[in-house]
Amino acid sequence: MTNGPIDLDILAELKDATGDEFAAELVNTFLDEAPGMIAELKAAADASDADGYRRAAHSIKSNANTFGATALAELARKIELGGIPATGDLTDAKALEASFAKAAAALRTLNND
Amino acid sequence: MTDAPGHLLIVDDNKVNRLLLSRNVELLGHKASVAENGRVAMEMLSSQSFDLLLLDIEMPEMDGFQVLEAINADPDLRELPVLVTSSVEGLDNIVRCIELGAEDYLPKPVNKTLLSARVSSGLEKKRLRDEQRRLLERFATTEVAQDLQESGFAIGGKRANASVLFCDIRGFTTLSENLAPEATIDLLNTFYTLMFEAVTSNGGIVSLMLGDGLMALFGVPQPLNNTAQSAVAAGHEMHSMIEMLNHDRLADGEESLRIGIGIATGEVVAGYAGTDNRATYTCIGSAVNLAARLEAETQNTGSRILVDQETLDLLNGVDIQKTFGGTQIKGFSDPFDIHAL
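As you go down the protein sequences, you meet chains W and A in turn. The working numbering puts the first residue of the first sequence at 1111, with every later residue one more than the last. The working numbering puts the first residue of the second sequence at 46, with every later residue one more than the last.
Note that these hints are calculated values from the structure, not bench results. Any given hint could turn out to be false.
[As the list claims (entries may be wrong)] Simulated crosslink set (SDA-like; lysine to any residue; CA at most 20 Å straight-line): (1) LYS157(A) x GLY1129(W); (2) LYS1204(W) x ALA1160(W); (3) LYS1125(W) x ARG63(A); (4) LYS170(A) x LEU180(A); (5) LYS60(A) x PHE1132(W); (6) LYS60(A) x ARG1218(W); (7) LYS60(A) x ALA1134(W).
Every value quoted in this text rests on a predicted model; they were computed, and no experiment measured them.
With the hints as constraints, model all of the structure from the sequences given.
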């Protein structure tokens, strides 16, 4: 069962394993932390910092997988494996930001249900 | 498999992952502490003790591979089980973790059932290793146990300069004839406790217990500045401990104990002798034979401590009670100058 950007089975599994309240708090932590990770990704692209770029994408991938944000995770994985683009090229970072916005909106709705 | 709670250290640079892993670990009934990168983790490992490490790979400052290498290089941490939890890409990275000593690799997001099984088995391994270490220390000495853990077990010896001390209770057979078996064992336990203390507090190890006597080594397996000085200091300490014990024994109306001590110094071969299944840390060389003969000779000369010339030459500021020049010692063709301290 999917609801657009979020795989509801994975999210349900997380709630099952850790408790509804904890899972909701964890979603909020992710929503708070992710913009910082995207900012790190952009900064790394600007500074041609390949390690920082890979690490930021890796972090987003890992968290997206936790919440069932499969499309976001897949995109982050591509960026992690794709290597750093030309200095200042933010095409991928912006695509990731857009994908995160969709996932975040869906997670917020689900969290308020 | 035991489910005794353990204290786990979770190392991850990502806040969501730290919270989630802590929660999972706590729901399994264990205690969780967190570190946000490898450097912080190493600091925590040096000041507190943990039962298991859950380690991420991709981290700033010090990554998981570097943590595994640092743990391997530290004898105090080498036994700590490490579970790598990561979503790192590529089989070669996972292989590298295992090669660097990780117990196992759990892909993220971590499956709770798998985590539970791995943590239990990791904690059980830690418990068995701790138990093994305790047993080793009970039946060997701390120094030998450390030597075994650092260099591994191998039959064979190395050459070293050492002082060998033999100590024996005078007339123990007669003494024990008048004692109940339980009282004899009791007396021996007291005797050994005091003698071990005198040996170890002077940097030596007790390598053999022989009924009512013992053999102690100074300078192996760990080197000492002045092996003779340490052995003689231990010998004097043994005598003063026996005097204190006799004080109590006389007050209880019991017969007093008398001991004799022989010390010789020289090059010895020390190491593990025996078979792969049963071996003992031992020491071979003419200093060993001579020390045993000197200890026996204390009965004839009525001395407290008898030392050979090599031991005497290494001592600074010593009171010689008497020198027995040209003494013929059983098992040696040439006579010796031996000295009573």
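Out of the numbered hints, which ones does the structure contradict?
Per hint list: zero violations.
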